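Participant: Place chain B with the ligands on chain A using the hints.
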Amino acid sequence: MRILLVEDDLPLAQGLQISLRHQDFAVDHVSNGKDALNTLAFADHDMVILDLGLPDIDGLSVLKEVRKNKSAIPIIILTARDSVEDKVQGLDIGADDYLVKPFDISELTARLRVIERRLGTANSSIITIHNVVIDTLAHKVLVNEQVINLAKKEYMVLKLLIENAGRIQSREQIESHLYEWGEEVSSNAVEVHISNIRKKLPERFIKTIRGVGYTVEN
Amino acid sequence: MSIRRYLMLIIISIITLIVFIAAIQGYKASMLQAADLFDVQLSSFADTLISLEPQKNNIKVSSNDTLAFQLWSNNRLISKSSNTPQQAISSFKHGFSEHNFMGKRWRVFSLKKHNTWILVAQLLKPRFELAEKVILSAVTPIILTIPLLSIIISLIISYGLKPLQQLKEQLTKKNINDLSTINMEHAGKELQPIIDTLNRVLSQLDKAYEREKRFASDAAHELRTPLSVLKINAHNLQYELGSDNESLNNLMASVERMVHVVEQILKLNQTNPEQFSQQMKKIVLTPIVQQVIAQLYTDISARKQIIEFVDNNIEIYGNDFCIATLAQNLIANASKYTPLGGQILVSTLQHGENFILQIEDSGPGITEEEINKVFDRFYRIGGDCNNSKVIGCGLGLAIVKHIVVLHQGSIKLSISPQLQGLMVTVTFPSLLEHHHTVAKKTVEVHS
Ligand SMILES: Nc1ncnc2c1ncn2[C@@H]1O[C@H](COP(=O)(O)OP(=O)(O)OP(=O)(O)O)[C@@H](O)[C@H]1O
Ligand SMILES: [Mg+2]
Numbered sequence: 001m002r003i004l005l006v007e008d009d010l011p012l013a014q015g016l017q018i019s020l021r022h023q024d025f026a027v028d029h030v031s032n033g034k035d036a037l038n039t040l041a042f043a044d045h046d047m048v049i050l051d052l053g054l055p056d057i058d059g060l061s062v063l064k065e066v067r068k069n070k071s072a073i074p075i076i077i078l079t080a081r082d083s084v085e086d087k088v089q090g091l092d093i094g095a096d097d098y099l100v101k102p103f104d105i106s107e108l109t110a111r112l113r114v115i116e117r118r119l120g121t122a123n124s125s126i127i128t129i130h131n132v133v134i135d136t137l138a139h140k141v142l143v144n145e146q147v148i149n150l151a152k153k154e155y156m157v158l159k160l161l162i163e164n165a166g167r168i169q170s171r172e173q174i175e176s177h178l179y180e181w182g183e184e185v186s187s188n189a190v191e192v193h194i195s196n197i198r199k200k201l202p203e204r205f206i207k208t209i210r211g212v213g214y215t216v217e218n
Numbered sequence: 001m002s003i004r005r006y007l008m009l010i011i012i013s014i015i016t017l018i019v020f021i022a023a024i025q026g027y028k029a030s031m032l033q034a035a036d037l038f039d040v041q042l043s044s045f046a047d048t049l050i051s052l053e054p055q056k057n058n059i060k061v062s063s064n065d066t067l068a069f070q071l072w073s074n075n076r077l078i079s080k081s082s083n084t085p086q087q088a089i090s091s092f093k094h095g096f097s098e099h100n101f102m103g104k105r106w107r108v109f110s111l112k113k114h115n116t117w118i119l120v121a122q123l124l125k126p127r128f129e130l131a132e133k134v135i136l137s138a139v140t141p142i143i144l145t146i147p148l149l150s151i152i153i154s155l156i157i158s159y160g161l162k163p164l165q166q167l168k169e170q171l172t173k174k175n176i177n178d179l180s181t182i183n184m185e186h187a188g189k190e191l192q193p194i195i196d197t198l199n200r201v202l203s204q205l206d207k208a209y210e211r212e213k214r215f216a217s218d219a220a221h222e223l224r225t226p227l228s229v230l231k232i233n234a235h236n237l238q239y240e241l242g243s244d245n246e247s248l249n250n251l252m253a254s255v256e257r258m259v260h261v262v263e264q265i266l267k268l269n270q271t272n273p274e275q276f277s278q279q280m281k282k283i284v285l286t287p288i289v290q291q292v293i294a295q296l297y298t299d300i301s302a303r304k305q306i307i308e309f310v311d312n313n314i315e316i317y318g319n320d321f322c323i324a325t326l327a328q329n330l331i332a333n334a335s336k337y338t339p340l341g342g343q344i345l346v347s348t349l350q351h352g353e354n355f356i357l358q359i360e361d362s363g364p365g366i367t368e369e370e371i372n373k374v375f376d377r378f379y380r381i382g383g384d385c386n387n388s389k390v391i392g393c394g395l396g397l398a399i400v401k402h403i404v405v406l407h408q409g410s411i412k413l414s415i416s417p418q419l420q421g422l423m424v425t426v427t428f429p430s431l432l433e434h435h436h437t438v439a440k441k442t443v444e445v446h447s
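These protein sequence lines are chains A and B, in that order.
Numbering-wise, the first sequence is residues 1 to 218 according to our numbering.
Numbering-wise, the second sequence is residues 1 to 447 according to our numbering.
Only chain A is shown next, with the shape it has when bound in the complex (with noise of 0.2 Å):
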């Protein structure tokens, strides 16, 4: 996968492009608004992190700018300032994901891989997690190597339990995930595919956080 990193700080900029090629991620790094405008316009870049804190243009302008030319790549804000409007601005012209600085390396891989997955630019369609297996190409899941049999809506709640491994996925994230797939959802919809998928994995593999939602630990 191939990034675009706009950042107007030099060290910031080195210290994460090394970071992010340890990950095996493609990394082109420009320093201000314009640049990045330019670049985007003629080279394929598959993502960008955009820092918000640009010399010349500002970096919500040049998210719109991006999104205006109707253009869907994925877009990562990376700010110093942590004002809640700021956020809630970013996210409504369009960014795909809002991390405040300083941030875990880890952090922001993490949400790279769930960008390249769904882009399906991961170098592996496979993730593990103790004796589940799931192929996001091959829409299979495996319980200690033997395929088990989902439902297409028990598939994707899953997926979406398995990407997300470690953080919680509320109900209503994860109820606006299945709109988006275009399916209709009853008001205890979530809750019964849960269910459903917990009688075919092993026990525990799926916990609730009581009052806040699910989480599949890794």
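Don't read these hints as lab results, they were simulated from the structure.
Given the structure is predicted, the values throughout are model-derived calculations rather than measurements.
Even glycine gets a Cβ: it sits at the ideal position worked out from N, Cα and C.
Any given hint could turn out to be false.
[Said to hold, decoys possible] Rough simulated footprint, nothing fancy, chain A against chain B, three-plus residues with beta-carbon under 8 Å: (1) 97-110; (2) 209-223; (3) 289-295.
Facilitator: Just chain B with the ligands now, kept in the frame of chain A:
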């Protein structure tokens, strides 16, 4: 007292007073006039009497008539009206005088003609009555106009004070975060300088406020960027050198600590009630608390703790960034100070008019003596070497206190009846109470 009421009271009192002084003066004047008139009448009565030669003719005067007479000759009463006594009604001295007889007060006129004293008298009462009639007909219209006058005066005062009223309205509409200048078209010569001064102060304050805000924001930016560089490069070094390099591990731990302290200091500054400027609005606690728990979940599950959220769909008037920060600090504390495998219970509930966010844990709790100290900045129980590996700088509860003050709420620390550890109860006022009131800067710390 309001200027309007003060002016009304003074002006109407003065007008009433003047009307009454005028009435009294008028009464005196009409009384004198009436006296002259009646005296002329009385002396002509005496003249008439003489010409009638009462010694010879019998003159009848009824006992309730307002006129009376006596004729005396050589100290002998030779004739009298029936409404006079047997004694002389006045001394035998030429001219007017006043006397009492037959239970009434009279004006008497004495006149001597050929050895005969003619004493004529007239009741005084009609004079007073006439004077009263005159004065009443003069004053009544004036008195009747006082209410009308009051209304007119009140309208004039209102009109005159209109700029002041407008200024008042503009000022009351302002909330504490609104430092925009005041615009008034017809302020008047007296008010304009006040408004100009006010506007000057407001815009200076606004500038200072903006500077302060930008300073905080710039400071955040200037601190976070190099910290990010440190963090990323330490991470890269670890990747290259392996994770068992002691110097590097110490460096990374210090960077983590530094990042944490900087974040806490920035938050403490951001939530300072004296310079807080973000919007308050109606917010639902559920998603905010869920997100905070989700963010902290990695640490909580690493400590093998069980967390539960019992939600009651509570809506409060507040700022979502602040509420998230408050929940983040309290839930992080519950996890940090509770041993491995412990329990954390977060709940929202309504209690009467108030809304409550409650965080309980199964940890050691906080003793009575420490309860009032833990809200102090940089205070940690047991000093800096607190619970060995627990990362923290003692600012969390100070930040929480700021946020509670901003929301006009209260916070209470006690023992959790369910989990036996600490129970933190944050109470927010009802939505109505909070509506557009200016932050009362109080915080209650109960034990
Ligand atoms: N849930 C709790 N159980 C037991 N003790 C607590 C709990 N919460 C706070 N304390 C005590 O109160 C002290 C002050 O807490 P506070 O949150 O202000 O600071 P901190 O957690 O040490 O640092 P910071 O929150 O800034 O990272 C803590 O050091 C701890 O000793
Ligand atoms: Mg704390």
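Participant: Each hint should be assessed against the structure and marked as holding or not.
Facilitator: A quick look at each hint next to the structure:
1. Coverage of the segment 97-110 of chain B by chain A is violated in this model, with 0 residues showing a Cβ closer than 8 Å to a Cβ of that chain against a need of three.
2. With a threshold of 8 Å between beta carbons, the proposed coverage of the segment 209-223 of chain B by chain A holds, since 3 of its residues qualify and at least three are required.
3. Given a C-beta distance limit of less than 8 Å, the hint that chain A covers the segment 289-295 of chain B holds, as 3 residues qualify and 3 suffice.
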